[in-house]
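Residue numbers (the working numbering), protein chains in the order written: chain A, 1 to 115; chain B, 1001 to 1108.
If you are wondering where the hints come from, they were derived from the structure by calculation, not from laboratory data.
Glycine is no exception: its CB is placed at the ideal position from the N, C-alpha and C atoms.
Be a bit skeptical, because a hint or two may be false.
Unchecked claim - Quick list of the computed label-pair ranges, beta carbon to beta carbon:
no., chain 1, residue 1, chain 2, residue 2, range
1, B, Asn1019, A, Asn74, 36 to 46 Å
2, B, Thr1056, A, Val24, 23 to 33 Å
3, A, Glu56, B, Thr1026, 19 to 29 Å
4, B, Lys1069, A, Leu39, 32 to 42 Å
5, A, Tyr102, B, Thr1026, 15 to 25 Å
6, A, Ile60, B, Ala1100, 13 to 23 Å
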Amino acid sequence: EPEVTQTPSHQVTQMGQEVILRCVPISNHLYFYWYRQILGQKVEFLVSFYNNEISEKSEIFDDQFSVERPDGSNFTLKIRSTKLEDSAMYFCASSSGDRGRYEQYFGPGTRLTVT
Amino acid sequence: DAKTTQPPSMDCAEGRAANLPCNHSTISGNEYVYWYRQIHSQGPQYIIHGLKNNETNEMASLIITEDRKSSTLILPHATLRDTAVYYCIVRVGRKLQFGAGTQVVVTP
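Generate coordinates for the entire structure from the input sequences, incorporating the hints supplied.
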C-alpha cells in the first residue's frame, strides 16, 4: 500500500540554524500539507500546497518557514533560523483530490530538536 | 469553523465494540466529518469520513445522525492495537483542525 515517507526521522540542530525536512508524498496525490505537534500538545496545521503554490497557511507559518516541491516527488519544509520553540514532530500529509477525495494520509513524522 | 466535542477518554474491552461519540452541532451542510487516530507519537492515521450517510470500511463504521449534529465511530471488535487517541474533525477547506480527541484504551 502506498504511503507517505519522511526523512530524517530525527533531526537535532542548534538554534539559528536552517533545517530542511523532506517528504515523499503518495505518488498520484496532488495536495500536500505540513503539520506539527509540540510534545504533549495538539496536532497543528501549518500549510497546504497545491499546483506549486501555497493554498492556505496558518499563523504559525511565518516568514521563517517555506515549502517547496523541488521535483516530481519531494515536498520540503524549510525553517530558516530555528528557535527553541520549533522543537516538535513535523508531519507531512498528502491527499489525491481525485473525485472529491480529500482524506489526508500522514507520514511517520520528523522529530526536530532545537538546542 | 465547526468545532467538535469528544469525551476525553474511554475504556473498551478487547473483542467488544467501541462506540466513540462526537458532537458537531455547528456543522454546515457541505462539511464532511473525518475520523483519524494517533497511536503514541506516530503520524495520524485516516480511518473514515462521511457527509450524511452512514459509512463502513475495513477499519470502522461511521454513523451520522439525520440532523448531522453528531456522529459515532464504531470499531466493531476492538483489539489492543486500537489503543490510540481518536480525533473527530470537521474539515474546513483543505486543512484538518485537530482537537484533543478521545484517548481510547483497550484492555484485555
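Now the hints, each set against the structure:
{"no.": "1", "hint": "B:Asn1019 <-> A:Asn74: 36 to 46 Å", "in the structure": "41 Å, holds"}
{"no.": "2", "hint": "B:Thr1056 <-> A:Val24: 23 to 33 Å", "in the structure": "31 Å, holds"}
{"no.": "3", "hint": "A:Glu56 <-> B:Thr1026: 19 to 29 Å", "in the structure": "20 Å, holds"}
{"no.": "4", "hint": "B:Lys1069 <-> A:Leu39: 32 to 42 Å", "in the structure": "34 Å, holds"}
{"no.": "5", "hint": "A:Tyr102 <-> B:Thr1026: 15 to 25 Å", "in the structure": "20 Å, holds"}
{"no.": "6", "hint": "A:Ile60 <-> B:Ala1100: 13 to 23 Å", "in the structure": "18 Å, holds"}
When the structure is compared with the earlier hints, no violation turns up for any of them.
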